[in-house]
Every structure is written in structure tokens, then in C-alpha cells.
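Taken in order, these protein sequences are the chains called F and Y. The first sequence begins at 1 in the working numbering and counts up by one. The second sequence begins at 146 in the working numbering and counts up by one.
Since the hints were made in silico from the structure, they are not lab data. Keep in mind the model is a prediction, meaning the values are calculated, not measured. Beta carbons: idealized from backbone N, C-alpha and C, even for Gly. Any given hint could turn out to be false.
Said to hold, decoys possible - Every beta carbon over 10 angstroms from chain Y, so not counted as near; a handful from chain F, in silico:
#1 R32
#2 I63
#3 L85
Claimed, not checked - With the C-beta cut set under 10 angstroms, the calculated list includes, among others, these residues of chain F facing chain Y:
#4 S5
#5 Q18
#6 A29
#7 K42
#8 G120
#9 G142
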Amino acid sequence: MGLFSIFEISSAGMDVQQARLEVAASNIANARTTGPDGLAYKPLAVVVRSAIADAQTAAGTPITAGQLPRPAVAEVVEQDVVPKLVYDPGHPDADARGMVTLPGVDPVTSMLDLISISRGYEANLRAFDVTRSLLQRTLELGRGR
Amino acid sequence: MLNADPVLALLSRALDAATLRQTVHATNVANADTEGYRRLEVIFSAEIQRLNAEGPALDSSQALQWAQAEPEIVESAESKVRLDQEMAQMAENAVRYQALLGAIERTLGTLRFAAKEGREG
């Protein structure tokens, strides 16, 4: 158990943020993706799990350094949001009443997600950087003559 | 080898603990969005409480007992990970780690000086 395993943990954290970013980008890009019969694009969400977090329920038991949890994307699920109905009779996907079903992607929520993802990624990168510089300093131990 | 000198033994134990702290902070940051994750922290529980009850270390053998204290990873009282606090604590721990490295460097310098019978710096 040493500083090296921190690199794995931090990169797992960055992987997770990258997956969240892909999903957020897909939601924003598909904000106007419609389909026939009112089947619009459903906004997606990432579910992040780690093996230990699930087994963490036994509170008070010490965790060893080797079993520290590494986050991973467990699944990408469809969000349960209400689609938006817009009156647009000329649209090829419009129903009998001229209503088109648009995905319930909320632009404000999407932008906030982007900020949170970028903060999360930065924090992991910073942790990676701090670990790297500590390791470098340790390797220089005893160099000074 | 580091255990040959009591000061180095203490310093290397402290360095181990600082490494563990860095690992745990990185884990907390990485798991900030993990479902059901509860923030972890490093504590020195039972051993330190016993030593604290005995009062401050007065000689090197007592001081060495502190080096036996095992750090433990436990869930912290505040279960939610707050990125800013985590980063601040990580920075603090990094400074402590570098201070320990400096102390080890100086102790090694003293030993080196002795090994060379004080002939040169």
C-alpha cells in the first residue's frame, strides 16, 4: 500500500466524471430529438457505484488501505422526466392534434451538471497532481549530498 | 533500516500516516458522486487515547510507543463529501508530508555527519 495506488483511485474518479460529461453532452445535444408517435429522446443519467460503498453499511468497522473504494459507472439509466409538448403541426413527428413531444431536457439543470462535472474532474486531477509531487519529493530524499 | 534510529522510526510512521491520509482524501474526492458512499477519514483511536491518558512522552522509549499507534480508516461523522473541504485538508496534509520529508532529510544528515566522523558537511 503506497502512494501509487492513489493514482488508480484518482484516475477512476476522472473516468467517472468523463462518463458523466459524455452523458450530459448527449442530453444537451439531443434536446430537440423527436421520434414518431411521441417517442422523444429520454434524458440519461449516470449511476456511479463502488464495491465498498455498498458493503459500507457495517459502520464502525475499520477499512484497510487496500480495500479503499474505486468508483465505477454501474449503469446509464433513463431519467424519469416529463417530456415537453410543443404545438408545431408542420413537424413530421407531430400527432393528430399537431403537438410534438420534445425531450424533457432542462437547459439550466444541464449547465449546472456541466459545472459540477468540471469541478469534480478538476478535484481529481488536483489530487493526482498533489500525489505526484509528494512522490517526487520522496524520491529526492537523501539526494542532497 | 529506518527503525534503527528512534527519531527516524517516529518520522517514518508519521510519513506512513500522511500517505494514508492522502489516499483517503483522494478516495473521497473520487467517490464524491458514488451512490451511497460515506466519507472516510483517518484516525488514531485506541492507542492514542491510551497514550494521552498517560501524559506527554518524557523519554525516547515513551516517545517510541507513539510510533506503535496504528492509523485506522473509519467513516467520518459527516457522511457527505464536500470537495472544497476535502481539497483544503489535502493541501494541509501535503504540507505536513513535506515537513516530515524535511525532518527525515535533516535526521539523515546528522547520521551522515556522524558516520563521516564529522570530517565534512
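Worksheet item: Looking back at the numbered hints, which does the structure fail to meet, lowest number first?
Response: 2, 5, 6, 7
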